[in-house]
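S.K.: Here's the letter readout for the chains.
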Amino acid sequence: MDNTWQTQAKRIAHGVRRRVLELTLKNNGCYLSQTLSCADLLATLYTKSLNLGPSKGAFIPDKNPGPPGQKGIKPGHGAAYNGPQGPENDRILISPAHYAVAVYATLVETGRLSADAFFSFNTDGSSVEMIGAEHSPGFELTTGSFGQAVSQAGGIAFARKLKGETGRCVVFMSDGELEEGQTWEGIQCLAQYKLDNVVICVDVNGMQCDGATADQMNLEPIDKRVEAFGGKVVTVNGHDVEAIDQAINHTDHKDQPLVVLCYTNSAQGIPLLEERKPKLHFVRFGGQDEMERYQKFHDAWEFEETA
Amino acid sequence: MEIVNNPHADNLVRYGASRSNMIVLSGDLTVATECHKFRDTHPERFFSMSMAEQNMLSWAGGMAREGMIPFVHSFCVFLYRRPYDQLQMSVAYPNLPVRLVGFLPGLDTPGGVTHQSIEDIAALRCIPNMSIIEAGDATDVETILDATDGIEGPVYLRMLRGEVPRLFNADEPLQFNRARVLSQGNDITLLSSGRCTEEALRATSLLQAKGLSLTHLHVSTLKPFCDHTVLNALSTAKYGIVTMENHVRIGGLGSATAELMAENGIGKKLIRIGVDDTYCSGATLGYLMRKHEIDALALVSRVEEVMGTRFDITADDLAKARNEDVKSRSTEQLEAL
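Listed in order, the protein sequences are those of chains P and S.
Note that this note's numbering numbers the first sequence so that position 278 is 278, with each residue one more than the last.
Note that this note's numbering numbers the second sequence so that position 310 is 1310, with each residue one more than the last.
Accuracy of the hints is not assured; some may be wrong.
Okay, derived cross-link-like pairs now, DSS-like style, lysine-lysine, Cα gap no bigger than 25 Å in a straight line [stated by the list, open to error]:
1) LYS163(P) with LYS1223(S)
2) LYS194(P) with LYS224(P)
3) LYS71(P) with LYS1037(S)
4) LYS194(P) with LYS163(P)
Looking from chain S toward chain P, a few residues come up when the C-beta cut is under 8 Å (computed) [claimed, not checked]:
5) ALA1032
6) SER1058
7) TRP1059
8) ALA1060
9) ARG1065
10) GLU1066
11) ASP1085
12) MET1089
13) PRO1128
14) ASN1129
15) GLU1152
The hints are simulated quantities; they were obtained by calculation from the structure and are not laboratory data.
Built from N, CA and C at the ideal position, the CB exists for glycine as well.
Please work from the sequences and hints to get the whole structure.
M.R.: Take a look at the structure:
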């Protein structure tokens, strides 16, 4: 068996996709396409590119602990699943909270969260919420209202720099969020303060709720736009784990935030889904026949080392 | 009556000197929000965030997560209107110790509708984890920052700037969740806040000279609203209760008082002096307070309404009180907007 990090990351990405398809079939509906597009990126972040350390969260989480507050949990509760927050540790900051299911699945595949907890997804009283927030496993921030993570990461990264910490703040975001004005406020501010300890990885799957971004609100050329706001841009195939890691860890971006544009396919791994494009925001199956086709696909879906 | 020039400017420097984890963020209004002296004294803890308030609020949340206490300076309106979602999701939900230092409350600006925060208390009072404190004089301004110490979550400070009168003894600091008792009597209880306390004081001595027995409280903490001093004062009023605020009547001091009265079964007449359900134009403070009937003359006529009697106090009498009791700020004061 090939045990290179590349193969392990790909194996984890496959497990993430398969697990979320299983949940989609079980619940007849989930954020499946987002998972398919970002699985390789999340797998690379969690297994190779970042200095995270072992989980400090409960493998089997308690029930939903409720919001932060005077008698509530502390801010950033869910970050414990990403490991210790030492000065040298990288932070993974999830921006598109609608991708929560992909984050939970990645935590399961990397041994940070129990599979049972994963299947408590979107059930009453669970912290494994459909659109997670900082009380949910893997979430340091509350970001279901889009476009706020870059600025929050900026504040965290700025404070960490002032404190002399060396760890990076790595934002995982979706391309649709580039439509939010605050994203650009955030990037210009990162550039102003020369925060090269911020890395933003964008899942450019070209999709948003109402359809293809190209039809709804064109974002291209993303690279030139980000560069114009002061970011260093690297564009990669978002399903190429080696290219993703190379971009994150081997790009010279001194005094600039790094933005890695990961171009992806929101049907990656499940060719059946291609016919449903561009309506993929929340995949629900039309009837018994369709369900059976996907079930059959799921049951036969094995990881291929060369894939 | 002493007038203090730019009390926040010096107080911010004093307050910050002994607190190394407090930082100041400014939304391109550094002199206008009196944080320029802090910038010059502690440049390593002063950060310009320019005209990008959504980013500024989320950024402040991020810095607070790392153990710093950001004092975010802007005009009131720019701290909650545009970045309302950021304030809630990046600051209030995580219950982070971000201090929103807002200037030009209510009608305190000739800047007109874009600069008049007439509904800020209503918009912020309903946000979980949020505390709200409003300054009414120079002593309040000089001690309001200390009052935030120990408050775990976000605090919105409704501030006064420029030439600020000193109404309260300099050695009696503002206390969180504790009203100041300015006078005690049995006929009517008056609760005033912010700028309106100065205005109320122009009328109260004249009313008392005409025989009115008045309890007057200056309320600085608007959330939480559970001060037993306030509750006691509401209980003792024989004829009714009057609230007076530099804010729309919906959702501010008057509404909070109504809720407290209803929940405690205090069945008395309540008169809420505040801006009617309307936006306002740009003009001088005195003109706007008269036009929208939140001034001393309005207080006299509303008290007369409760008491069912005339006190024969004229605008001229109040104008004299303006000079004698409370030396007003110059209305010609130049404002950077």
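S.K.: Indicate, hint by hint, whether the structure satisfies it.
M.R.: Hints, verified against the model:
1. With a C-alpha separation of about 33 Å, the suggested pair LYS163(P) and LYS1223(S) falls outside the 25 Å cut-off, and the hint is violated.
2. Under the criterion of a C-alpha separation no larger than 25 Å, the hint pairing LYS194(P) with LYS224(P) is consistent with the structure, at around 19 Å.
3. The suggested pairing of LYS71(P) with LYS1037(S) is violated, with an alpha-carbon distance near 37 Å, which exceeds 25 Å.
4. As the CA atoms of LYS194(P) and LYS163(P) are separated by approximately 15 Å, the hinted pair is consistent with the 25 Å bound.
5. Interface restraint check: ALA1032(S) against chain P, minimum CB-CB distance 21 Å, threshold 8 Å, status violated.
6. This hint holds: SER1058(S) has a C-beta 3 Å from the nearest C-beta of chain P, less than the 8 Å allowed.
7. Interface hint status for TRP1059(S): upheld, as the beta-carbon distance to the closest one in chain P is roughly 4 Å, under 8 Å.
8. Taking 8 Å as the C-beta contact cut-off toward chain P, the hint placing ALA1060(S) at the interface holds, the least distance being around 6 Å.
9. Hint status for ARG1065(S) relative to chain P: holds, with the closest Cβ pair at about 6 Å, below 8 Å.
10. At its closest, the beta carbon of GLU1066(S) sits 3 Å from a beta carbon of chain P; the interface hint therefore holds under the 8 Å criterion.
11. This hint holds: ASP1085(S) has a C-beta 5 Å from the nearest C-beta of chain P, less than the 8 Å allowed.
12. Using the Cβ-Cβ criterion of 8 Å, the hint placing MET1089(S) at the interface with chain P is satisfied: the shortest such distance is roughly 5 Å.
13. Interface hint status for PRO1128(S): upheld, as the beta-carbon distance to the closest one in chain P is roughly 7 Å, under 8 Å.
14. For ASN1129(S), the suggested interface contact is upheld, since its CB lies about 5 Å from the closest CB of chain P, less than 8 Å.
15. Given hint, GLU1152(S) at the interface with chain P, holds; its Cβ is 6 Å from that chain's nearest Cβ, closer than 8 Å.
Taken one by one, the earlier hints fail for this structure at numbers 1, 3, 5, listed in ascending order.
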